[in-house]
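Engineer: All chains should be modelled from the sequences, with the hints used to inform the complete structure.
2 protein chains.
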Amino acid sequence: MKIKSILLDIDNVLYDSVKLTEATRRNAIISMIEAGLPIKDVEQAYQMLLEIVKGYGSNYPYHFDRLLEKFGVKWNPHIIAAGVVAYDDTKHAYLKPYPEVIPTLLKLKAMGYKLGIISDGRAVKQWDKLIRLGVQHFFDVVVTSEEVGVEKPDSRIFEAALEALNCRSEECLMIGDRLTKDIAGANKAGVISVRVLKGRYANEKPVNPSMKPKFEIKNLTEIFDVLAKLS
Amino acid sequence: MKIKSILLDIDNVLYDSVKLTEATRRNAIISMIEAGLPIKDVEQAYQMLLEIVKGYGSNYPYHFDRLLEKFGVKWNPHIIAAGVVAYDDTKHAYLKPYPEVIPTLLKLKAMGYKLGIISDGRAVKQWDKLIRLGVQHFFDVVVTSEEVGVEKPDSRIFEAALEALNCRSEECLMIGDRLTKDIAGANKAGVISVRVLKGRYANEKPVNPSMKPKFEIKNLTEIFDVLAKLS
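Chains A and B supply the protein sequences, listed in that same order.
Sequential numbering from 622 applies to the first sequence in the working numbering.
Sequential numbering from 622 applies to the second sequence in the working numbering.
Rather than coming from a laboratory, the hints here were simulated on the basis of the structure.
Be a bit skeptical, because a hint or two may be false.
Put simply, identical chains are the same to the list, so a pair is met inside one copy or across any two.
Stated by the list, open to error - In the DSBU-like style, the derived pairs of lysine-lysine whose C-alpha atoms are separated by at most 35 Å in a straight line are:
| id | residue 1 | residue 2 |
| --- | --- | --- |
| 1 | LYS746 | LYS826 |
| 2 | LYS717 | LYS640 |
| 3 | LYS746 | LYS675 |
| 4 | LYS728 | LYS695 |
| 5 | LYS695 | LYS625 |
| 6 | LYS661 | LYS712 |
| 7 | LYS661 | LYS728 |
| 8 | LYS661 | LYS746 |
| 9 | LYS661 | LYS735 |
| 10 | LYS717 | LYS661 |
| 11 | LYS809 | LYS839 |
| 12 | LYS675 | LYS695 |
| 13 | LYS695 | LYS809 |
| 14 | LYS691 | LYS712 |
| 15 | LYS735 | LYS691 |
| 16 | LYS712 | LYS640 |
| 17 | LYS835 | LYS730 |
| 18 | LYS730 | LYS695 |
| 19 | LYS730 | LYS661 |
| 20 | LYS695 | LYS735 |
| 21 | LYS839 | LYS712 |
| 22 | LYS835 | LYS746 |
| 23 | LYS640 | LYS746 |
| 24 | LYS746 | LYS712 |
| 25 | LYS746 | LYS717 |
| 26 | LYS675 | LYS712 |
These figures come from a predicted structure and were not determined experimentally.
Structural biologist: Laid out in structure tokens, this is it:
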């Protein structure tokens with residue numbers, strides 16, 4: 622079966638989401654302390670922020686307000702704005718593609734493959750990432766969970782991409798870092814699953830066969846080896 | 622009476638808010654057109670965006686969503702994100718102080734004056750501006766309408782600043798561009814009003830004596846002439 626299309630996840634596939642997330646939050650904490658947050662231990666404040674993000678979700682807009690509350694500090698717009706500015710500036714600095722991404726995508730396009738994105742999250746936020754990464758024009762389709770109404774591993778999000786690409790599942794690869802989402806979802810949808818060993822889940826083991834990837838790669842450039850094996 | 626404190630507005634006093642607002646919105650429109658918004662006339666789309674901002678208020682987060690609706694275009698996260706990224710990048714590029722601002726503030730500090738900000742709007746947003754302008758450490762007090770609960774020209778927002786500075790109204794100057802807000806408010810609160818002739822209201826005439834500024838300056842550096850006259 623000839624492969625026609627390649628679907629990719631964004632976080633930890635196109636850019637280092639782990640490094641960005643850590644740097645944005647740590648720099649926000651440091652700036653808040655410089656603006657007057659009466660905390661000595663950056664690590665303690667960082668861990669507390671992680672708990673708040675976990676509790677309220679990553680799209681909640683008042684993480685820093687809740688952090689001040691947790692430390693019993695009166696609401697302070699200077700401290701909060703210092704966190705927001707540092708977060709924002711750090712995000713823009715770190716939202717750069719892995720060095721191999723643009724050359725690999727260019728080569729895949731030149732080889733005739735259609736490319737797509739399947740991403741969980743708010744559509745505008747995911748497009749914002751693609752634009753800042755400078756890769757928004759590479760993809761024939763971008764499917765987000767917000768638009769489909771279900772998240773990975775639900776098959777419907779993969780089916781939406783396949784339909785838009787006019788591609789059968791077995792003619793399609795899905796490259797992602799998450800066994801429970803990208804790999805389990807691709808396997809269920811009949812798409813050939815390729816795990817990229819990057820990010821915080823790189824050492825995770827599949828707990829059942831449905832999560833087992835068909836291929837594992839360390840780096841996006843190895844996708845050419847996978848394609849060679851499949852042809 | 623010796624002047625002890627100087628209060629300032631942010632927009633059009635510390636930076637060119639007119640230029641920023643125009644550039645952010647125009648660049649957002651242009652990027653949205655490049656991302657597929659099927660509009661040929663940038664000016665028409667710009668005017669429509671202005672109407673939407675007027676209707677929904679400047680803090681409303683879905684101006685671009687409403688713009689697509691107005692043009693009968695289906696909600697499109699690529700187009701909206703393109704607008705958001707361009708708006709954001711342009712804001713950061715244009716949020717720079719007028720060239721005379723930092724030298725003037727430094728000189729006023731060196732002369733022993735206390736400095737304060739009185740600004741209508743959301744506190745975190747105003748602090749975000751002060752931080753990006755690099756002037757957040759110059760001010761002994763920052764008072765926002767969100768925190769006081771009333772906007773200029775209400776006297777209470779001026780009284781909050783005077784109290785924080787431990788300063789009597791006649792010992793204090795207020796520098797702003799808006800007759801109806803900064804000047805009328807300062808006059809009512811007994812603060813010496815100084816109009817800076819910048820921004821879109823520079824040609825406005827006072828319609829009654831309560832809006833008449835005690836002094837008018839073209840540029841922040843002329844504040845030293847005002848201080849010399851008052852001493």
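Engineer: The structure should be examined with respect to each hint, and the outcome stated for every one.
Structural biologist: Against the structure, the hints:
In the homo-oligomer, the alpha carbons of LYS746 and LYS826 lie at most 35 Å apart inside one protomer (30 Å), although the nearest pairing across protomers, at 45 Å, exceeds that limit. For a Cα distance limit of 35 Å, the shortest separation of LYS717 from LYS640 qualifies both inside one copy, at 11 Å, and across copies, at 29 Å. In this assembly of identical chains, LYS746 and LYS675 lie within 35 Å of each other by CA distance both inside one copy and across copies; the values are 18 Å within and 25 Å between. Within a single copy, LYS728 and LYS695 get their C-alpha atoms only as close as 54 Å, which misses the 35 Å cut-off; across copies the closest is 33 Å, which meets it.
Within a single copy, LYS695 and LYS625 get their C-alpha atoms only as close as 57 Å, which misses the 35 Å cut-off; across copies the closest is 29 Å, which meets it. Within a single copy, LYS661 and LYS712 get their C-alpha atoms as close as 24 Å, and across copies as close as 33 Å, so both meet the 35 Å cut-off. Within a single copy, LYS661 and LYS728 get their C-alpha atoms only as close as 49 Å, which misses the 35 Å cut-off; across copies the closest is 34 Å, which meets it. In this assembly of identical chains, the alpha carbons of LYS661 and LYS746 lie at most 35 Å apart whether taken from the same copy (33 Å) or from different copies (26 Å).
For the homomeric pair LYS661 and LYS735, the shortest alpha-carbon distance between copies (30 Å) is at most 35 Å, but the shortest distance inside one copy (51 Å) is not. Proximity of LYS717 to LYS661 under the C-alpha cut-off of 35 Å is found in both arrangements, the shortest distances being 31 Å within a copy and 32 Å between copies. Taking the closest pair of Cα atoms, LYS809 and LYS839 come within 35 Å of each other only inside a single copy of the chain (23 Å); across copies the shortest separation is 69 Å, beyond that limit. In the homo-oligomer, the alpha carbons of LYS675 and LYS695 lie at most 35 Å apart both inside one protomer (23 Å) and across protomers (33 Å), since each shortest distance falls under that limit.
In this assembly of identical chains, the alpha carbons of LYS695 and LYS809 lie at most 35 Å apart only when taken from different copies (31 Å versus 50 Å within one copy). For a Cα distance limit of 35 Å, the shortest separation of LYS691 from LYS712 qualifies both inside one copy, at 24 Å, and across copies, at 32 Å. Taking the shortest Cα distances, LYS735 and LYS691 sit within 35 Å of each other only across copies (33 Å), while inside one copy they are farther apart (48 Å). In the homo-oligomer, the alpha carbons of LYS712 and LYS640 lie at most 35 Å apart both inside one protomer (10 Å) and across protomers (26 Å), since each shortest distance falls under that limit.
Taking the closest pair of Cα atoms, LYS835 and LYS730 come within 35 Å of each other only inside a single copy of the chain (23 Å); across copies the shortest separation is 67 Å, beyond that limit. Taking the shortest alpha-carbon separations for LYS730 and LYS695, only the inter-copy value of 28 Å comes in at or below 35 Å, while the best intra-copy value is 54 Å. For the identical chains of this complex, LYS730 and LYS661 are inter-copy neighbours only, at 30 Å across copies versus 51 Å inside a copy, given an alpha-carbon limit of 35 Å. Taking identical chains as interchangeable, the C-alpha atoms of LYS695 and LYS735 lie at most 35 Å apart only when they sit on different chains, with a minimum of 24 Å there against 53 Å within one chain.
With identical chains, the CA atoms of LYS839 and LYS712 are at most 35 Å apart within one copy only, with a shortest distance of 25 Å there and 38 Å across copies. When the C-alpha separation of LYS835 and LYS746 is checked against a cutoff of 35 Å, the pair qualifies only within one copy, where the shortest distance is 30 Å, while the shortest distance between copies is 49 Å. In this assembly of identical chains, LYS640 and LYS746 lie within 35 Å of each other by CA distance both inside one copy and across copies; the values are 18 Å within and 27 Å between. For a Cα distance limit of 35 Å, the shortest separation of LYS746 from LYS712 qualifies both inside one copy, at 13 Å, and across copies, at 18 Å.
For a Cα distance limit of 35 Å, the shortest separation of LYS746 from LYS717 qualifies both inside one copy, at 15 Å, and across copies, at 27 Å. Taking the closest pair of Cα atoms, LYS675 and LYS712 come within 35 Å of each other both inside a single copy (19 Å) and across two copies (30 Å).
Going down the numbered hints, you'll see the structure goes against none, and every one checks out.
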